[in-house]
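**Student:** Note that the protein sequences, when read in sequence, are chains A and B.
Each residue of the first sequence is one higher than the one before, counting from 135 in our numbering.
Each residue of the second sequence is one higher than the one before, counting from 313 in our numbering.
Heads up, some of the hints might be wrong.
To be verified - Simulated pairs of lysine-lysine, DSSO-like, Cα-Cα distance not exceeding 30 Å:
| # | chain 1 | residue 1 | chain 2 | residue 2 |
| --- | --- | --- | --- | --- |
| 1 | A | Lys290 | B | Lys494 |
| 2 | A | Lys290 | B | Lys424 |
| 3 | B | Lys317 | A | Lys196 |
| 4 | B | Lys441 | A | Lys290 |
| 5 | A | Lys193 | B | Lys424 |
| 6 | B | Lys332 | A | Lys193 |
Think of the hints as simulated: they come from the structure by calculation, not from any bench.
None of the values given here were measured: they were computed from a predicted structure.
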Amino acid sequence: MQDWLIHVSEMFQRAFIKEDRWKLYLGGLGVTLKVALFAAVLGVILGTIAALMKLSVRKDGKRSVMSVIATIYIDIIRGTPSVVQLLIMWFIIMKNCKNGVLVAVLSFGINSGAYVAEIIRAGILAVDRGQTEAGRSLGLSNAQTMMYIVIPQAIKNVLPPIGNEFIVLLKETAIVGYVSLSDLTRVANQVSSRTYEAFMPLIGAAVIYFVIIKILSVLLGILERRLRRSDRR
Amino acid sequence: MIDVKNLCKTFEDGDNQVLKGVNYHISKGEKIVIVGPSGSGKSTFLRCLNLLEKPTSGEIYLDGELITAPNVNLNLVRQRMGMVFQHFNLFNNLTILDNITLAPVKLKLMSKDEAREKAYSLLERVDLKDKADAYPVSLSGGQKQRIAIVRALAMNPEVMLFDEPTSALDPEMVGEVLEVMKELAQGGMTMVVVTHEMGFAREVGTKVLFMDEGNIMEENTPREFFGNPRSPRLKDFLSKVL
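So here's chain A without its partners, still in its complex pose (with noise of 0.2 Å):
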């Protein structure tokens, strides 16, 4: 037992604090966090904007080139693997930016982007019709009433999705190693190919990921009981 302890004591020793290793993993967590942040963001602008194109109406009801778009869009992102997306962004989109970060950021947002869409869009489409009916019907304006009435009660809707979209794109910027940035997943890869040990190196990561999913879904969770406030009786 007391060797067992004294083993495992020597490889996490070998894994994190030997040659001051722990901040590799530190320096790793803060690209995957930056990437991830950014890569949100710009998700969730790309996608309210899709999601919006994609409910556009033309005056005789048929459906808009704006909406066209948008499905295009929608339709080439979730067609393809996110890593493709990537290398494509980094190999010839982008081939002169030796920026990795802002190239994950580009490539993960407007991925993540597609799937916000249609998270977005079905969250306002499941904002009873009679809402906008009553808005349109006292005189406000169609944006109006998507403004103050339709997405306010969308948000509620899609927080639970939207969440779960943030935390698989957390996990999905696992593949930024591709582009030669040194992520999370990537730093205890190269750890464990010095020390000659995955164990602790890929444990550890896993369970740092853990954590701050942990966190985040813990966050979302008050958040989502905060908005939920008008709907108690």
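Let chain A serve as the given structure and place chain B on it in line with the hints.
**Tutor:** Structure of chain B alone, referenced to chain A:
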């Protein structure tokens, strides 16, 4: 005040013609009550009046202005017509006070203080002043519908449209809503009411219309309408509902 000429409505899905050339004239101060079997087009007719439903063909004039013309600002037209829905449609994300003041304030018809003052005096009239800061979920159906009427009135409309306002209510709450509507009628408001409440039609209506199969089949004063129905269709309908 409102002139309807040859109004037709066909819904896009299939060739379901709901309105087949309706003609009607509504004068200021009238209380028109529309009855008829379900699927007869009475709700669609009402919803066409404020263009929540876009007519397939035909014309609607509001004080001589053709509001079915393509370049008309519908928002301005709708500001002049209040509407009350079967399912209340109070804004769930807003308090009662905000429900009432949202449109007058955002459309810049009143200042925030004016709108609040107006809202409180209207709430007083329907005896719901204490609910100003509540959210719609906490209200009963009857309370919601009275608030919905107040919300429409806050815009100072020239005409009020009621789309089966008591059909979604528990029986014991029907009376309180009808009472508010009666007071409104006594105040001289022009009203168009689609309803199944024959007692209300008899008591409040200046004219009662019977709609069936997308047309107005019969129109008369309440006394004649109920006492001396002419068409066999209406006789049959009245024998079922009275």
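**Student:** Lys441(B) and Lys290(A): Cα distance at most 30 Å?
**Tutor:** Holds, at about 28 Å.
**Student:** Is the hinted pair Lys290(A) and Lys494(B) satisfied, with a Cα-Cα distance of at most 30 Å?
**Tutor:** 38 Å, violated
**Student:** For Lys317(B) and Lys196(A), compute the direct alpha-carbon distance and say whether it is at most 30 Å.
**Tutor:** 27 Å, holds
**Student:** Sort out whether Lys193(A) lies within 30 Å of Lys332(B), counting only the CA atoms.
**Tutor:** 24 Å, holds
**Student:** Between the alpha carbons of Lys290(A) and Lys424(B), is the straight-line distance 30 Å or under?
**Tutor:** 27 Å, holds
**Student:** Against the 30 Å threshold, does the CA-CA distance of Lys193(A) and Lys424(B) hold or violate the hint?
**Tutor:** Violated, at about 33 Å.
Consistency note: the structure conflicts with the earlier hints numbered 1, 5.
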